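My request is simple: use the sequences and hints to build the entire structure.
For what it's worth, the working numbering labels the leading residue of the sequence shown as 275, then goes sequentially.
Hints in this document: simulated from the structure, not taken from any laboratory. Note that the structure is a prediction, hence the values are computed from the model and not measured. Hints may contain errors.
Dumping the calculated SDA-like pairs for lysine to any residue here, alpha-carbon to alpha-carbon at most 20 Å [claimed, not checked]:
(1) Lys337 - Gly298
(2) Lys380 - Val340
(3) Lys337 - Gly379
Derived CB-CB ranges, DEER-like [stated by the list, open to error]:
(4) Leu360 - Gln280: 28 to 34 Å
(5) Phe279 - Lys325: 34 to 40 Å
(6) His327 - Glu276: 39 to 45 Å
(7) Glu345 - Glu320: 29 to 35 Å
(8) Asn306 - Gln355: 15 to 21 Å
(9) Val310 - Gly349: 35 to 41 Å
(10) Ile352 - Ala329: 30 to 36 Å
(11) Glu320 - Asp357: 17 to 23 Å
(12) Asp346 - Glu323: 26 to 32 Å
(13) Glu348 - Gly379: 22 to 28 Å
Every residue, glycine too, gets a C-beta built ideally from N, C-alpha and C.
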Amino acid sequence: MEKGFQLQRRLARLIFEGNTPLVGAEVMVRLNVPLVDVLSLQEYDESTEVKDHLAMLKLFSEKVLVSWNLEDDEGQPIPTQPDGMLRIPTEETVLIISGWVEALGKVPSPLGQKSSDGITSLEAQQPTGVS
275 MEKGFQLQRR
285 LARLIFEGNT
295 PLVGAEVMVR
305 LNVPLVDVLS
315 LQEYDESTEV
325 KDHLAMLKLF
335 SEKVLVSWNL
345 EDDEGQPIPT
355 QPDGMLRIPT
365 EETVLIISGW
375 VEALGKVPSP
385 LGQKSSDGIT
395 SLEAQQPTGV
405 S
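Shown next as structure tokens:
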């Protein structure tokens, strides 16, 4: 019997700059999310039901978010789990999800290259103790 091939966890660090409310934020997201979860996220997103959008944001928090440096207005860290995406403002939520979608379709680019959407670097990461 041949030795199995273990799929490696792939991560991306989203760093926001420019004219966005997330300037200075760093968000670590999983890139190799199981297809069933990606399809569920898409299905929830296409729904018009509020309960589906809540489920989508919770699923995103559980399956995609790894870590971030976001704090509330009192300087307290906002946990990513179990429902971090439900604890931040709408514009920031949209920016994070858009950054992840963009990261799914990109090959990592060298640091320092700027994009026009405020996300200036997207680097693939090997797991380094980030949980």
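Status of each hint after checking the structure:
With a C-alpha separation of about 23 Å, the suggested pair Lys337 and Gly298 falls outside the 20 Å cut-off, and the hint is violated. Proximity of Lys380 to Val340 is assessed by CA-CA distance (about 19 Å); at most 20 Å being required, the pair is judged to hold. Among the hinted pairs, Lys337 with Gly379 is consistent with the structure: their alpha-carbon atoms are about 18 Å apart, no more than 20 Å. Distance hint for Leu360 and Gln280: a CB-CB separation of about 33 Å, consistent with the stated range 28 to 34 Å.
For Phe279 paired with Lys325, a C-beta distance near 38 Å keeps the hint of 34 to 40 Å intact. Restraint check, His327 to Glu276: a C-beta distance of roughly 44 Å satisfies the suggested window 39 to 45 Å. The hint said 29 to 35 Å for the Cβ distance between Glu345 and Glu320, and at roughly 32 Å that hint holds. The given range of 15 to 21 Å is respected by Asn306 and Gln355, whose C-beta atoms sit roughly 19 Å from each other.
As the Cβ distance of Val310 to Gly349 is approximately 38 Å, the hint placing it in 35 to 41 Å holds. Under the hint 30 to 36 Å, the C-beta atoms of Ile352 and Ala329, about 20 Å apart, miss the expected range. Glu320 and Asp357 have their C-beta atoms about 21 Å apart, which keeps the hinted 17 to 23 Å range intact. The given range of 26 to 32 Å is respected by Asp346 and Glu323, whose C-beta atoms sit roughly 28 Å from each other.
Hint check: Glu348 to Gly379, Cβ distance near 37 Å, so the stated range 22 to 28 Å is violated.
Violated hints, listed in ascending order, are 1, 10, 13; each of the other numbered hints is respected by the structure.
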